[in-house]
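Given these sequences and hints, build the entire structure.
One letter stands for each residue in the lines below.
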Amino acid sequence: MSNQLDQYRGVWTLAEVRQGKIHPVSFELLAWGQSLAQKLGVELASVVLGSGVGDQVDQLIAHGADKVYLADDPALLDFGVEPQAGILTDLIKQHKPEVLLGSATTTGRTLLPVLAITLTTGLTADCTGLDIDLTERLLIQTRPAIGGNVMATIKTPTGRPQMATVRPKSKRPLAADPARSGEVIKVELGPEQLASRVKRLEFTPEETVGAPLQDAEVIVACGKGLKDVKNLKLVTELTEILGGSLGATRKAIDLGWLSYSHQIGLSGKTVSPKLYLGCGVSGAVQHLAGITSAEKIAAINSDPEAAIFQVADLGVVGDLFQALPLLVERLKQNTEGSAS
Amino acid sequence: MEIVVLVKQVPATDQVKIDPERGTMIRENIESELNPLDLFAVEEAVRLKERLDGEANINVLSMGPAKAVKTVRDALARGCDQGWLLSDRKFAGADTWSTSFTLASAIEKLVPGCDLILCGERATDGDTGQVGPMVATFLGLPVLSFVSAVERLDQGALAARREVEGGSELVQCPLPALLSVVKAINHPRLPNLAGKRRAKAAEVPVVTAEQLELPVEKLGLKGSPTRVVKVSKSQLSRQGRILNLEDDPTAAVEALVAFFTSPPSAPEA
Chain A
1 MSNQLDQYRG VWTLAEVRQG KIHPVSFELL AWGQSLAQKL GVELASVVLG SGVGDQVDQL
61 IAHGADKVYL ADDPALLDFG VEPQAGILTD LIKQHKPEVL LGSATTTGRT LLPVLAITLT
121 TGLTADCTGL DIDLTERLLI QTRPAIGGNV MATIKTPTGR PQMATVRPKS KRPLAADPAR
181 SGEVIKVELG PEQLASRVKR LEFTPEETVG APLQDAEVIV ACGKGLKDVK NLKLVTELTE
241 ILGGSLGATR KAIDLGWLSY SHQIGLSGKT VSPKLYLGCG VSGAVQHLAG ITSAEKIAAI
301 NSDPEAAIFQ VADLGVVGDL FQALPLLVER LKQNTEGSAS
Chain B
341 MEIVVLVKQV PATDQVKIDP ERGTMIRENI ESELNPLDLF AVEEAVRLKE RLDGEANINV
401 LSMGPAKAVK TVRDALARGC DQGWLLSDRK FAGADTWSTS FTLASAIEKL VPGCDLILCG
461 ERATDGDTGQ VGPMVATFLG LPVLSFVSAV ERLDQGALAA RREVEGGSEL VQCPLPALLS
521 VVKAINHPRL PNLAGKRRAK AAEVPVVTAE QLELPVEKLG LKGSPTRVVK VSKSQLSRQG
581 RILNLEDDPT AAVEALVAFF TSPPSAPEA
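Sequence order for the protein chains is A and B.
For the record, in the first sequence the residue sitting at position 265 is 265 according to the working numbering, with numbers rising by one throughout.
Quick note: to get the working numbering, add 340 to the position in the second sequence (first position is 1).
What the hints contain is simulated information worked out from the structure, not anything from laboratory work.
Ideal Cβ positions, reconstructed from N, Cα and C, are used throughout, including at glycine.
Any given hint could be a false lead.
Claimed, not checked - Simulated DEER-style distance windows between Cβ atoms:
| no. | chain 1 | residue 1 | chain 2 | residue 2 | range |
| --- | --- | --- | --- | --- | --- |
| 1 | A | G52 | B | A497 | 25 to 35 angstroms |
| 2 | A | K39 | B | T548 | 41 to 51 angstroms |
| 3 | B | A406 | A | L174 | 46 to 56 angstroms |
| 4 | B | D588 | A | L134 | 46 to 56 angstroms |
| 5 | B | V597 | A | K227 | 32 to 42 angstroms |
| 6 | B | E390 | A | E202 | 21 to 31 angstroms |
| 7 | A | G243 | B | R387 | 38 to 48 angstroms |
| 8 | B | E390 | A | D6 | 54 to 64 angstroms |
| 9 | B | D588 | A | I241 | 18 to 28 angstroms |
| 10 | A | F203 | B | E586 | 46 to 56 angstroms |
| 11 | A | D319 | B | G433 | 45 to 55 angstroms |
| 12 | A | T204 | B | L561 | 37 to 47 angstroms |
| 13 | B | N369 | A | A75 | 52 to 62 angstroms |
Structure (structure tokens):
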């Protein structure tokens, strides 16, 4: 058995393409991949599947890839699980990487489980930490579990490649080095590899304040403490001034103040912003589960006993409707000051 | 139409307590519940059956310990027609790979010719979201994940909306297929009295590995490619500073503004 495992060498990351562009989460994965590849003393490769993305592969090399496998075909314009899983399964069986990383996005969390079955190997979801155990030459995968209450460390002793989806923003991309060189390998595709039973009919972009929550650097979240939907403009204004994205608790969504795509927590999204500000958010465990990997947490709430203050780096106890206008006014001075 | 709903029993989220010394979950006296996200899958199955003028049969399957029969009965009370519990010591310790293998094998055996499989996007305890796509792959079916609406359903095909980063996409695929659904798909109703009575009286067969004729090396911990090697308590609570707005509004606002631009307090883990 160990003999068979020894045939697998190298670290691969899956680049993610959205609306025809390589998304920056792909570079975060390469930063993880490079630290693992260096420890293992192996090459780092990235795989990109898309349509007309050939002129973007330089970005993957500049961010750390030694090698790029490029599958480029008009049929791969939109993400489709079936062609992607088929092409990747063939490539992985042929080249045998020991580690395969994907992003814990809707794409990665759909595609990698399929690969775990087609390749008969293990998959660890939504990792926030990755390392190598050199004595056993194994990937050490760390992830939050049970609503973020515990951190679990997981290994894949016998399956190859060892596969993980990695939480977006869990690592900063390496600075791009345009002088890096790498090899680009074009993947030959047959028509049977491009077939898909699932067809995309249309894409409807959502009108939101700021970037999608999973990509946001700054998130202002509102909870029931906002009292009424008409007060939403207070947090919206603050969100815009901070250049952030607007999020919400389950209660705020259930009251119909915002659409489901804004929901953070166990039954919504997991986010990893640099800054999270909770406005009238009580801090139910289900909500906190979605923000545990935020770098900095601040909260404004009138209830000094609110659970959000247990996890906040900075908490302000007080009336939201007094605090928010003061804060907005103060931040406006800031931007006017810097503009003059 | 034969519909299968996959459900999981999980510890009630707001009751999870962690042993601070060992970093393990305290399981004594913890109430269990039907995974909250599975409620949307159960409700959607019932709604689809209503759309089909009742021309559907809803099968609910769960894998878990004997006490998880309660979860199956809960789903029956909410409108599922027939329930099974896959329960066997050989299933214990399964990761998502061997859980999916067991569930997929059971669907083939217990509901042959099934047209549609529904499951919640993920369970609130394991939080992986992997079992849906894995079950579909074992069965060779198309998978639609993160589904927020079933816009069209007929005997041969369906169209559904998926919630993805930055928007939603409308996709269509032939049946049979597997859908994992998100909360936005519906508002689950509470079970009514008739449903509760029916669920209480219903026979819920307990299905074992032997009855499914499954190879033991693919089951439970033995069949799991991954191993949890350590569990530790996460550092959820921080050494926060708390200010009172009324004491000094200007100071509180200045502190917030300074905080927004300051570097993170804790080094990266």
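Verification of the hints:
no., hint, result
1, A/G52 - B/A497: 25 to 35 angstroms, "holds (30 angstroms)"
2, A/K39 - B/T548: 41 to 51 angstroms, "holds (44 angstroms)"
3, B/A406 - A/L174: 46 to 56 angstroms, "holds (51 angstroms)"
4, B/D588 - A/L134: 46 to 56 angstroms, "holds (54 angstroms)"
5, B/V597 - A/K227: 32 to 42 angstroms, "violated (24 angstroms)"
6, B/E390 - A/E202: 21 to 31 angstroms, "holds (26 angstroms)"
7, A/G243 - B/R387: 38 to 48 angstroms, "holds (40 angstroms)"
8, B/E390 - A/D6: 54 to 64 angstroms, "holds (56 angstroms)"
9, B/D588 - A/I241: 18 to 28 angstroms, "holds (22 angstroms)"
10, A/F203 - B/E586: 46 to 56 angstroms, "holds (48 angstroms)"
11, A/D319 - B/G433: 45 to 55 angstroms, "holds (51 angstroms)"
12, A/T204 - B/L561: 37 to 47 angstroms, "holds (43 angstroms)"
13, B/N369 - A/A75: 52 to 62 angstroms, "holds (55 angstroms)"
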